[in-house]
Amino acid sequence: MSINVKTFASLADAAGALSSERGARFLGGGTLLMRAVNRADPDVETIVRSTDPSFLHLAVSSGLANRDLAFLHPAARAVGGPAVREAATVGGNLFAPAPYGDFATALLALDASVTLAGGMGQREQPLEEFLGRRDSGASLVTTVTFRRPPGDAFRFLKVTRVHPKGMSVLSIAAQLPLASGRVAGARIAYGAMNRTPVRAKSAERALDGRTLDAAGIAPALAVATDGTAPVDDAIASAWWRNEILPVHLRRLLLGEAQA
Amino acid sequence: MLELRKEIFADERDDNLSEIGQPTQRQDMLGHVTGTSAFYDDHRFAGLLHLKVLRSPHAHARIRSIDDSAAARAPGVKRIIRAVDVPVNLNTLLSLIQFGKDDEPSLASDVVRYKGEPVLGMVATSERAALEALRLVRVAYDPLPAVFDVEEAIKPGAPSVNATYAKNTFEYYGKYDHQNLRFGDVEAGFAQADVVLEDRYQMSPIEHAPTETNGSIAVPDTNGRFIVHTSTQALFFSLDTAAKINAIPSNQLHFIGGTVGGGFGGKVDTMTEPLAVLAARLTGAPVRYRLSRHEEMQFGSPRGGERIYIKDGVMRDGRIVARHVRCYFDSGAYTRLSSYAAVKCAAHIPGPYTIPNVGAEVYCVFTNRTPATAMRGFGVTALDFALECQMDKLAHAIGMDPVEFRILNAYRDGDMKAHRREAKNCALVECAQVAAEKANWPIRDEFRRMSSRSGGGAARTGGADRTRAPAPQAAPAPAAQPQRVTYERPAAPQPASAPAPTPPPRSTQPAPPPPRPSAPATTPGSSHGARRFSSVFGTRRR
Amino acid sequence: MKTPVQFRLNGEDVAAFAEAGANLLDVLRAAIGDLSVKGGCWQGTCGTCTVLIDGVPRLSCMTLAETINGRSVETAAGLRNGADLHPLQNAFMERFAAQCGYCTPGMLMAAKALLDRNPSPSREDVVDALGGNICRCTGYEPIIQAVLDAASGGARRA
Chain S
1 MSINVKTFAS LADAAGALSS ERGARFLGGG TLLMRAVNRA DPDVETIVRS
51 TDPSFLHLAV SSGLANRDLA FLHPAARAVG GPAVREAATV GGNLFAPAPY
101 GDFATALLAL DASVTLAGGM GQREQPLEEF LGRRDSGASL VTTVTFRRPP
151 GDAFRFLKVT RVHPKGMSVL SIAAQLPLAS GRVAGARIAY GAMNRTPVRA
201 KSAERALDGR TLDAAGIAPA LAVATDGTAP VDDAIASAWW RNEILPVHLR
251 RLLLGEAQA
Chain B
1001 MLELRKEIFA DERDDNLSEI GQPTQRQDML GHVTGTSAFY DDHRFAGLLH
1051 LKVLRSPHAH ARIRSIDDSA AARAPGVKRI IRAVDVPVNL NTLLSLIQFG
1101 KDDEPSLASD VVRYKGEPVL GMVATSERAA LEALRLVRVA YDPLPAVFDV
1151 EEAIKPGAPS VNATYAKNTF EYYGKYDHQN LRFGDVEAGF AQADVVLEDR
1201 YQMSPIEHAP TETNGSIAVP DTNGRFIVHT STQALFFSLD TAAKINAIPS
1251 NQLHFIGGTV GGGFGGKVDT MTEPLAVLAA RLTGAPVRYR LSRHEEMQFG
1301 SPRGGERIYI KDGVMRDGRI VARHVRCYFD SGAYTRLSSY AAVKCAAHIP
1351 GPYTIPNVGA EVYCVFTNRT PATAMRGFGV TALDFALECQ MDKLAHAIGM
1401 DPVEFRILNA YRDGDMKAHR REAKNCALVE CAQVAAEKAN WPIRDEFRRM
1451 SSRSGGGAAR TGGADRTRAP APQAAPAPAA QPQRVTYERP AAPQPASAPA
1501 PTPPPRSTQP APPPPRPSAP ATTPGSSHGA RRFSSVFGTR RR
Chain L
2001 MKTPVQFRLN GEDVAAFAEA GANLLDVLRA AIGDLSVKGG CWQGTCGTCT
2051 VLIDGVPRLS CMTLAETING RSVETAAGLR NGADLHPLQN AFMERFAAQC
2101 GYCTPGMLMA AKALLDRNPS PSREDVVDAL GGNICRCTGY EPIIQAVLDA
2151 ASGGARRA
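Residue numbers (the working numbering), protein chains in the order written: chain S, 1 to 259; chain B, 1001 to 1542; chain L, 2001 to 2158.
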């Protein structure tokens, strides 16, 4: 009946408890977990905590304040309000179900990989693979690694109904490196267009070698919704999300709108 | 900041005002900024218990069986409240003023009629314990056909939503399924009109979403009384309703309201107090019944969705000569305040415009949706949205400026309104003129010179052929005597057989005030013993 | 299963026993008796329960109570200095920045977190700082103006 709280000094021990305890969930920032606890969600029986102080919060004034990470600030600022960002963690955002997970969308476009601590010790995994399998098996993400994108190749936008904060109708992150004015190795990720953030691989392929103008991006826009399977929720219908996705992708690729 | 246009109607007013126009600080502002304003939950009680309810997952279903035996044994559970425990398990809010029949249970006993309808109450030592115990309750439902559309609901053969109103419409005066307005001859008006425009408008239900959710705490006091702290906007409604449902005299209840954390109409339905009081009576302990945010948004009563059909006939010179409105209020599964919303809507038609031929039917319809209630001018605001959209379309259809169009058709003092009352103290013309000025919206001089105080009365609505009214008046001279009618309250109650009010004679003299509807004598057996009178509802049904 | 929590609240040492899984909002209101903190959603979406934890704005309904041990919490009840109101409180009063008053304690704390860190915020800074707090009554503009007033010293400490 009553919920249990288990506190561990090390992340490794916390990860172990996640596998062994029934109905265990890890307390990162608590911005999603406490919501379930407050409504006495039966799926949460044990809260697993770690006092390891290495949480990376989404507040740009704390852990993300590093100048090298400034390009990610628009994506971090898009999450919740200030109080949510002070609590929320990068790791937690990787587990956030749609329509949440805007920061994870940004990391996916950066081709990030994650280090997991779990029953089988530490292992590294591409973020894309992790997202595809994250519902099965209890694990903790301890680090996220990515290569800093060149110059201003990184773009992000989030579409919400409420400003400045609001849940995603959808979000788009893109890494658009240019070689001689043409796209070379585009990475595009969508948030809230699927169960987890996903890569828009058809659009990426259609953008390769193209210029970032109206004519150049037309083939990518034509396949913008390939592979998407958005849901109807209180924020928007699946139909609406698919309708507006190409519009916002166009604006992002043409540099007309960004977070 | 605040601009007062005191030159308008200056001769009618004493502007020696000490409060109006002065910014006066709220008496509760210091409490708000110090966090000391006491909302209902800002009281602590030793041994406080928590009430949560089990809600129907179906829009329409028969309850076959309820097995709460496992829940009764759950940790922390103090009492289960079942439908049979509720002393008076059928009510309607406005029964307090004898308007409408009891139709809504506090806990559904045989049929659930909307998704979220309460079926069972669980009182426990914590909200968590109550919620976990509720999960152990097994209810067997047999789903029934449901209806969610107002026009589908009134078709023959539609599922019957509400056992009290089997045909899915509220009953007015014991026999009418709608509010009806007739003035002149709309069909003749349409036939004569240069342009006829009809359209349909649909509103969504809107949730008030107050920052503070609905809730109350019932506390046993001494002498068998109960103190109730409540979020209600309607303290005496809540007290009397809780007394009725609990079958206790109202003097056993001491209701304390005051600071409401946002109401907007969403805290008038007495949603939590009756069961909180019952729980306190059954346990002997203080009990809080608080809606979660999810319950507030999903199951708290919204503004009802309204479907409005408007058909207008307009002349090329700008006069609207006929208007017909058909409106359906989606009351959801139970009446609550929608019966009254329909009355207000009918009273508001055709809007603040003088139209010689008006017809309207306004229905209060039951569907298997969340029961609707009051919100921010309910019954009027949605209708105004529809009417004003229609006004813009009409102006566009005849190529007339939309502001001038409204000024032309706005009622003037002395005009006869569709409800057979004379328009008085009109000010729409002046409001439109000032709004145009503020918006830098140019309107022609003749419209800037128009006045609510001239051009009204027989000049506009006189003659047998109401479609043939004179052209807009140019540069009217201000009247030597303003056409004001004083409305005096009669000194003594009128006899019950007073003649029906007749329309005032068509002249430019100030008309005598129409006689007020008569006040019914106290009827024996009336639950409150007080005289009931309302110019809205007319003759009392009792 | 109850856990002891000890922390500083508005400058005073306080302690309580919290149920396992209890949030800080419930502990502050029910166990400690600070009723100035309000609950609006218990989901982390309305900001009504905003408090400062070690100077940083946090949602008390989203904070597991036992994580608060040894930390410093500030609520609206601690804003005034004896009989003197905080400049933010004066500014809210002067600008009519409250109607029902329910969002007000959360707004005040979110605003205080901003002004403590940035004494000369732009309007954009204020809007961002209040971006996690919902008000259903005022339309926000009086609140934004009040925070700007308090920042510019327009509202004096009473």
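Derived by calculation from the structure, the hints in this document are not laboratory data. Just so you know, not all the hints are guaranteed correct.
[What the hints assert, rightly or not] Okay, the calculated beta carbon distance ranges per label pair:
(1) G2070(L) with R1062(B): 40 to 46 angstroms
(2) G185(S) with G2139(L): 45 to 51 angstroms
(3) P1156(B) with A229(S): 52 to 58 angstroms
(4) N2118(L) with G1224(B): 29 to 35 angstroms
(5) E1003(B) with G2139(L): 16 to 22 angstroms
(6) G2070(L) with T115(S): 27 to 33 angstroms
(7) P1023(B) with R195(S): 38 to 44 angstroms
(8) Q2006(L) with V1088(B): 48 to 54 angstroms
(9) N2118(L) with P1442(B): 41 to 47 angstroms
(10) R147(S) with H1396(B): 41 to 47 angstroms
(11) A184(S) with R1135(B): 53 to 59 angstroms
[Claimed, not checked] A few chain S positions that, by computed beta-carbon distances, are all more than 10 angstroms from chain L:
(12) D13
(13) G29
(14) L32
(15) R39
(16) P82
(17) E86
(18) G121
(19) R147
(20) R161
(21) S202
(22) W240
[Stated by the list, open to error] Computed footprint of chain L on chain B, listed as stretches where at least three residues anywhere in the stretch have a Cβ under 8 angstroms from a Cβ of chain L:
(23) 1026-1033
(24) 1166-1175
(25) 1210-1219
Each residue gets a CB set at the ideal place from its N, CA and C atoms; glycine is no exception.
Results of checking the hints against the structure:
1. G2070(L) with R1062(B): 40 to 46 angstroms: violated (57 angstroms)
2. G185(S) with G2139(L): 45 to 51 angstroms: For G185(S) and G2139(L) the Cβ distance comes to about 47 angstroms; the hint holds.
3. P1156(B) with A229(S): 52 to 58 angstroms: With Cβ atoms ~42 angstroms apart, the hint is violated.
4. N2118(L) with G1224(B): 29 to 35 angstroms: violated (58 angstroms)
5. E1003(B) with G2139(L): 16 to 22 angstroms: The hinted range 16 to 22 angstroms holds for E1003(B) and G2139(L), with Cβ atoms some 19 angstroms apart.
6. G2070(L) with T115(S): 27 to 33 angstroms: holds (30 angstroms)
7. P1023(B) with R195(S): 38 to 44 angstroms: violated (53 angstroms)
8. Q2006(L) with V1088(B): 48 to 54 angstroms: holds (50 angstroms)
9. N2118(L) with P1442(B): 41 to 47 angstroms: holds (45 angstroms)
10. R147(S) with H1396(B): 41 to 47 angstroms: The hinted range 41 to 47 angstroms is violated for R147(S) and H1396(B), with Cβ atoms some 58 angstroms apart.
11. A184(S) with R1135(B): 53 to 59 angstroms: holds (55 angstroms)
12. D13: The assertion about D13(S) holds, with a minimum of 17 angstroms to chain L.
13. G29: violated (8 angstroms)
14. L32: Violated: least Cβ distance 8 angstroms, not greater than 10 angstroms.
15. R39: violated (7 angstroms)
16. P82: Violated, since 5 angstroms does not exceed 10 angstroms.
17. E86: It is violated; E86(S) is separated from chain L by about 5 angstroms at its closest Cβ, not greater than 10 angstroms.
18. G121: holds (27 angstroms)
19. R147: Answer for R147(S): holds, closest chain L Cβ roughly 30 angstroms.
20. R161: holds (13 angstroms)
21. S202: With a cut-off of 10 angstroms, S202(S) remains clear of chain L, as the shortest Cβ separation is near 34 angstroms.
22. W240: Per Cβ check, W240(S) is outside 10 angstroms of chain L; nearest 21 angstroms; holds.
23. 1026-1033: holds (count 7)
24. 1166-1175: violated (count 0)
25. 1210-1219: Holds, because 4 residues of the region 1210-1219 of chain B bring their Cβ atoms closer than 8 angstroms to Cβ atoms of chain L.
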